[in-house]
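Protein sequence lines correspond, in order, to chains R and F. If you read the first sequence in my numbering, its first letter stands for residue 1, the second for the next number, and so on. If you read the second sequence in my numbering, its first letter stands for residue 1, the second for the next number, and so on.
Hints listed in this document are in silico derivations from the structure and should not be mistaken for laboratory results. Incorrect hints may have been included.
[Unchecked claim] Chain R stretches covered by chain F per the calculated footprint, using a threshold of three residues with CB under 8 Å from any CB of chain F:
{"no.": "1", "segment": "184–195"}
{"no.": "2", "segment": "251–257"}
[Claimed, not checked] Short derived list, chain R residues pointing at chain F, Cβ under 8 Å:
{"no.": "3", "residue": "H238"}
{"no.": "4", "residue": "I244"}
{"no.": "5", "residue": "T245"}
{"no.": "6", "residue": "I246"}
{"no.": "7", "residue": "N371"}
{"no.": "8", "residue": "Q375"}
{"no.": "9", "residue": "K376"}
[Claimed, not checked] Across the chosen pairs, the derived CB separations fall in these ranges:
{"no.": "10", "chain 1": "R", "residue 1": "D395", "chain 2": "F", "residue 2": "D145", "range": "48 to 54 Å"}
{"no.": "11", "chain 1": "F", "residue 1": "S178", "chain 2": "R", "residue 2": "V273", "range": "16 to 22 Å"}
{"no.": "12", "chain 1": "R", "residue 1": "H238", "chain 2": "F", "residue 2": "S178", "range": "25 to 31 Å"}
{"no.": "13", "chain 1": "R", "residue 1": "I244", "chain 2": "F", "residue 2": "D30", "range": "51 to 57 Å"}
{"no.": "14", "chain 1": "F", "residue 1": "D48", "chain 2": "R", "residue 2": "A223", "range": "50 to 56 Å"}
{"no.": "15", "chain 1": "R", "residue 1": "P260", "chain 2": "F", "residue 2": "S178", "range": "29 to 35 Å"}
{"no.": "16", "chain 1": "F", "residue 1": "S178", "chain 2": "R", "residue 2": "K295", "range": "29 to 35 Å"}
{"no.": "17", "chain 1": "R", "residue 1": "A223", "chain 2": "F", "residue 2": "E111", "range": "34 to 40 Å"}
{"no.": "18", "chain 1": "F", "residue 1": "Y194", "chain 2": "R", "residue 2": "V273", "range": "44 to 50 Å"}
{"no.": "19", "chain 1": "R", "residue 1": "A363", "chain 2": "F", "residue 2": "I225", "range": "54 to 60 Å"}
{"no.": "20", "chain 1": "F", "residue 1": "T159", "chain 2": "R", "residue 2": "A261", "range": "21 to 27 Å"}
{"no.": "21", "chain 1": "F", "residue 1": "E111", "chain 2": "R", "residue 2": "S308", "range": "51 to 57 Å"}
{"no.": "22", "chain 1": "F", "residue 1": "S178", "chain 2": "R", "residue 2": "S340", "range": "34 to 40 Å"}
Because the structure is a prediction, the values reported are computed rather than measured. Cβ coordinates follow ideal geometry from the N, Cα and C atoms, glycine included.
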Amino acid sequence: MSVRLKIWIAMAGLILWMSGCYLVISHIFTESQFRHFTTEARIQSATRWATVIERYYEEHGSFTGVEPAVKNAVIQSPYGTGTSLEEITLISPNGSQIAKIALSPTPPDPDDTTGVPVPIMVNGKKIASAIVYDRVIEGLELLQETTLQSVANATLVGLLLTAVISLIAGGWLSRLITKPLRNIMGGIRQIARGDLNTQVRVRSRDEFSRLADALNDMSMKLAQAVQTRRRLVADVAHELRTPITIIQGQLDLIQDGLQPAEPSSLLPIQDEVLRLRTLIDELHQLALAESHQLKLHMTRMELVEWLSQLVEKFKPEALLRGIDIGFTTEVESAYVSADSHRLTQVFANLISNALRYTPEQGAIHLTLRENPEPQKTVAIDVTDTGTGIPKEQVDHIFDRFYRTEEARSRESGGLGLGLAIAKELAELHGGKISVASEPGRGSTFTITLPLK
Amino acid sequence: MPERTRILVVDDESRVRSMIHQYLTAEGYDVTTVGTGHEALEAVRRDDVQLVILDWMLPGGLNGLEVCREIRKISSVAVIMLTAKTEETDMIVGLEMGADDYVTKPFRMRELTARIRTVLRRTQQGGEASPANVLTRGSLVIEPDKFTVRKDGEDVILTPAEFKILVTLATRPGVVFSRLQLSEVALGDDYIHYERSIDTHISHLRKKIESNPSQPEYIQTVYGIGYRFGVPV
């Protein structure tokens with residue numbers, strides 16, 4: 001059952017129940033009031049004639065001759081001959097009829113009317129009861145019946161009308177309430193069909209709009225994730241093509257007997273297989289880092305000592321390339337909580353990149369300094385006097401598989417994953433990595449780490 | 001002997017360049033390799049190149065497509081594009097830009113050399129007949145381009161898959177091909193996991209071309225490895 005139907009049923013049911021109760025209660029109340037009123041009127045009217053009889057009995061001591069006396073009294077009463085009084089029957093306490101005072105030529109039809117019984121009291125004692133038949137009083141009863149009937153009819157019509165209106169109003173309202181829900185459902189279906197650019201629009205400012213916002217947010221993130229995955233697959237496929245082409249070509253050469261299967265012709269295959277292995281390892285590492293599944297073994301580290309040792313390790317290679325490498329610190333000591341193996345990976349990547357792109361006679365310098373913003377962080381600059389990164393490529397330098405034109409044409413062996421991994425690792429440490437570069441003059445990579 | 005065909009290879013990956021270089025040299029072509037579009041244009045202007053193998057993705061501001069367009073302005077040399085893109089539209093654009101054919105990466109050198117031969121035959125009308133045009137193996141005469149096989153002068157009717165298998169094997173007598181390799185050639189990548197079905201094709205092929213299919217002379221089984229074309233004695 002749809003929510004809309006449920007709301008509609010609940011709403012219409014509530015309205016129907018309430019109006020039903022109201023109408024029935026008012027009906028019962030009106031009926032009892034009216035019945036009370038007519039009963040009172042009948043008794044009052046009957047009691048008047050009872051008083052006449054009582055007075056006659058008091059005067060005469062018996063009911064003998066009561067008939068003409070009452071008739072006389074009726075004729076002399078303000079109603080005169082036009083009275084609606086038809087008959088009065090006097091009945092003794094033991095049930096026998098004492099007298100029957102007929103006041104109209106035709107006796108009342110016992111099927112039609114029931115007389116109003118009134119006690120005849122003399123000196124506080126009931127000596128008989130009079131049953132008064134009166135057209136007006138009977139009419140009153142009839143009036144009561146028709147009035148009650150029409151009240152019931154009105155109630156019924158009212159109920160029906162209320163029902164129709166409540167059903168229509170309920171339908172409209174439930175439609176109005178569930179409209180954002182339908183929009184959202186439509187959006188979800190679209191997303192399920194694979195249209196991830198779906199954005200649901202809900203105009204109201206309520207829970208529904210918050211739900212729609214959450215859905216929009218989700219679909220956007222989903223679209224981004226799918227986009228990332230697609231790009232990754234495309235990138236990986238691209239990276240796989242070259243090694244596989246070379247391996248296949250080299251194997252074809254050997255299989256076709258164009259080259260003997262000697263170590264020299266197998267070497268390129270070895271190289272490519274190695275590249276593929278590196279690619280797989282790096283991809284795995286990047287995937288772990290990106291999904292935050294990479295386990296860091298955090299220890300308290302002192303950076304001044306650690307960095308100077310690290311720089312020492314790169315000195316031989318720098319010397320070989322004719323590049324000067326150095327380290328200065330602006331702080332006496334800086335303690336951070338880090339995984340020294342992963343942190344080494346980050347800096348080794350930056351330094352080996354710098355070594356690769358810095359010409360002979362160039363210089364690489366590491367600087368450890370206090371970082372003004374955010375507070376309680378330390379910054380390490382890795383500055384080189386290399387080729388620099390063109391402005392339009394700076395933004396992409398940390399994207400995986402991104403290689404600058406320079407990197408591609410040099411074929412320096414990078415797969416374009418090193419900086420992407422470095423960035424993820426820096427972020428896993430609660431730090432940041434950024435770059436400032438001036439083409440032709442050099443680049444500065446800056447890593448910030450929170451102090452411990 | 002006519003002058004050897006000169007082929008220019010343009011690719012930014014030096015490893016790919018050297019591999020193609022080795023293969024084509026072994027195939028008997030003269031090969032020049034360059035890494036950028038500008039160098040490629042220079043080489044086309046300078047040398048008497050008969051065919052250019054051109055990578056689609058080139059660094060240095062001039063991509064393969066643009067290089068192809070530039071080449072067309074100065075020369076009618078045959079061009080085969082190497083592309084990692086497998087989208088149909090990319091191919092069409094490439095062919096409209098004046099490329100004669102394209103090969104998608106990762107490509108097989110055998111496929112590339114087959115395309116080179118075809119393109120060269122097409123562009124060098126009236127030129128020397130390509131040596132690969134007719135394969136004569138014992139009593140078999142195979143003409144790959146005409147899709148015909150004759151045994152003792154009589155036509156043998158083969159299915160396309162059987163024909164491709166035969167040509168692949170007969171082109172390199174004595175070389176052993178695995179079932180996987182043969183099914184890739186004969187049935188395409190989509191059927192690569194049905195390599196055993198190659199046995200059925202081979203058995204049909206033997207019935208058609210072998211004098212005694214139970215003791216095959218041409219298509220020999222190398223137990224545990226695959227098949228090879230018997231070297232005629």
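We went through each hint and held it up to the structure:
1. 184–195: violated (count 0)
2. 251–257: holds (count 5)
3. H238: holds, 6 Å
4. I244: holds, 4 Å
5. T245: holds, 4 Å
6. I246: holds, 5 Å
7. N371: At 37 Å from the nearest chain F Cβ, N371(R) fails the 8 Å test, so the hint is violated.
8. Q375: violated, 43 Å
9. K376: violated, 43 Å
10. D395(R) - D145(F): 48 to 54 Å: Taking Cβ atoms as reference, D395(R) and D145(F) lie about 52 Å apart, which means the hint holds.
11. S178(F) - V273(R): 16 to 22 Å: holds, 19 Å
12. H238(R) - S178(F): 25 to 31 Å: holds, 27 Å
13. I244(R) - D30(F): 51 to 57 Å: violated, 27 Å
14. D48(F) - A223(R): 50 to 56 Å: The hinted range 50 to 56 Å holds for D48(F) and A223(R), with Cβ atoms some 53 Å apart.
15. P260(R) - S178(F): 29 to 35 Å: violated, 20 Å
16. S178(F) - K295(R): 29 to 35 Å: Because 42 Å falls outside the window, the suggested range is violated.
17. A223(R) - E111(F): 34 to 40 Å: At 38 Å between Cβs, range holds.
18. Y194(F) - V273(R): 44 to 50 Å: violated, 27 Å
19. A363(R) - I225(F): 54 to 60 Å: holds, 58 Å
20. T159(F) - A261(R): 21 to 27 Å: Given range 21 to 27 Å: violated, Cβ gap about 34 Å.
21. E111(F) - S308(R): 51 to 57 Å: Distance hint for E111(F), S308(R) holds at roughly 56 Å.
22. S178(F) - S340(R): 34 to 40 Å: Given a distance of about 48 Å, which is not inside 34 to 40 Å, the answer is violated.
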